[in-house]
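Asker: Residue-level listing of the chains:
Protein chains: 2
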Amino acid sequence: MKLEFILQPIHSELSLLRQSLKEIAQVDFPELARLLDYALGNAGKGIRPALTLLCGKFHRHDLDLLLPAATAVELLHIASLIHDDTVDKAHLRRGLPTLNQLWGDDIAMLAGDWLFAKSAELATSTGVLEVVRLFSETLMAISQGELEETWQAFNARQSRQDYFRRVGNKTASLFALATQTGGILSESPPEVIQAFRDYGYKLGIAFQIVDDVLDFTADEQGLGKPVGKDLPQGIPTLPVILFLEQAPEDNPVRSYLERRGGEEELKQALALLRSSPAIEKAHRIAQDFSREACQAIEFLPPVPAKKALLELADYVVERRK
Amino acid sequence: MKLEFILQPIHSELSLLRQSLKEIAQVDFPELARLLDYALGNAGKGIRPALTLLCGKFHRHDLDLLLPAATAVELLHIASLIHDDTVDKAHLRRGLPTLNQLWGDDIAMLAGDWLFAKSAELATSTGVLEVVRLFSETLMAISQGELEETWQAFNARQSRQDYFRRVGNKTASLFALATQTGGILSESPPEVIQAFRDYGYKLGIAFQIVDDVLDFTADEQGLGKPVGKDLPQGIPTLPVILFLEQAPEDNPVRSYLERRGGEEELKQALALLRSSPAIEKAHRIAQDFSREACQAIEFLPPVPAKKALLELADYVVERRK
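Residue numbers (the working numbering), protein chains in the order written: chain A, 1 to 321; chain B, 1001 to 1321.
Everything labelled a hint here was simulated from the structure, so no lab data went into it.
Some clues are possibly wrong.
[Claimed, not checked] Under the rule of at most 30 Å between Cα atoms (straight-line distance), these lysine-lysine pairs were calculated in the DSSO-like manner:
#, chain 1, residue 1, chain 2, residue 2
1, B, Lys1022, B, Lys1306
2, B, Lys1057, B, Lys1225
3, A, Lys321, A, Lys307
4, A, Lys2, A, Lys267
5, A, Lys321, A, Lys89
6, A, Lys22, A, Lys281
7, A, Lys89, B, Lys1321
8, B, Lys1225, A, Lys89
9, A, Lys225, B, Lys1089
10, B, Lys1045, B, Lys1002
11, B, Lys1089, A, Lys229
12, A, Lys89, B, Lys1089
13, A, Lys267, A, Lys306
14, A, Lys89, A, Lys45
15, B, Lys1045, B, Lys1022
[Unchecked claim] Which residues of chain A face chain B? A partial, calculated answer using Cβ under 7 Å:
#, residue
16, Glu31
17, Leu32
18, Val87
19, Leu102
20, Met109
21, Trp114
22, Ala117
23, Ala120
24, Glu121
25, Ser143
26, Glu292
27, Gln295
Glycine is no exception: its CB is placed at the ideal position from the N, C-alpha and C atoms.
Bound conformation, chain A alone (with noise of 0.2 Å):
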């Protein structure tokens, strides 16, 4: 199913999303304006947002408070990309350049701050203190997410438990911040916040899960960003953890990551956990996320911001980009 299609319950909403990027880049600094208006023209699919007014949806739904807060959800999303893509000195983001291969690393990095503290007024301009804490909460975990990456690098001893710590703070922790932050700015009652919590943690555990594999199986031009990079950069992703819980001591992907192997070693692990059944597991291990996600959120009555959320799980497991 297509993604437009289901998100048509706030098809209005995700324009007004798009103009208000759009107002943001208009700032009294042209080199500045130039630089966020293309970091935030070259939006993305816009699903954390979407998860923020389909979960206001329920409730009391007000545009004045839910738009802000979408749109902080994005920019916190778009801050930590760049600062992700500066980590990784990555060079295609959503296939065109990143904006560390544009303007430098330093820029990039002093605008994605500036991209943070937008998202922080934004977030403060709901008037809602619990959710400002929200969002701070999320940078923390985000950075810690990404700290963990970073440090873990070229660690093969990695088990599950690590893997879904981590990409828990560094990707589901803003997914259940966008859905959880719907529920709450449209004064949902406790329990409805807590399945949103656990619905949007759940689905960005999947969403992440997924990415894992994709980069193992899809291609640059369809995925829009580089492929097979987790793997050369140390990092034991799912597929990766699986593959090496089955596989003997002494095999190429363990003795790649230990040793930071070559390219001829890199090709040999790529293909072997390519061709191997870790990829379909994983996979189906996403599906199970995916499948708790919309559980978490069953007892809601059935009105088209819940299909669309139902819909939403299946299509980040089903996506091939």
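Starting from the known structure of chain A, arrange chain B on it as the hints suggest.
Answerer: Frame of chain A, contents of chain B only:
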């Protein structure tokens, strides 16, 4: 006058501040804990959090609000120094190796992000939205000032106005945040909060001018960081701008900036600047700002905290490091 004598009225509060920084470093993630211990243990002069604590002394004094706010101010400062050092590829800060030097640029950037978030979380813990809003606006101003500095490097046509706007964003905004927050959290009347803001902003400009002067006049050992580093980075600080206002079109300083000269040209330009009246002139402008800062709070009652604020304004322009 020694800083510790000036800050005597908040002696015990400053110990609590150091204690709270120590506690922040105790995270459940050993590598990050080690890094934070280094970054937060090697405390600077603590002028900015001292401003919050001093400005919190005039009306309702609630340390449960002021202490987290002062800690948040110091964290925002430390985080922005970390990113600043990373952009500048600085090796030394306060006489010790920088984070980017010890842990690399990537980890330094992410650690800075973590500290920005922790700062926002602490600001949020005051429960006062206006304070949180000021924190996010200040981070926007700081990154905008840093961006401007990076983008305008090696532009010899910058005016005093350009300089004051840039350091207003980069430095004075944080001083103003520090003082204003102390006023807001102690429920000072609006005209007092405005006076604190003016005092902080002007003190911040004075502080930065002196920093820029010291870059020409201090020695590395006394300052705890390399000197003569602004010009090779292409940053026209106030002494440079004042020099260029007076100098003929064809002079070594302008040509160094315009043609990004080599070692020999740099030496010549630095020697010329160091012996020029522009240094003394810049320092006098700093003294003017310091005096204006004092005038802004003249009407306040003669309590020990006021004496400390006035002495601080002297200290900032008389300091040798």
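Asker: What are the numbers of the hints the structure violates, in ascending order?
Answerer: 2, 4, 6, 7, 13, 19, 26 and 27
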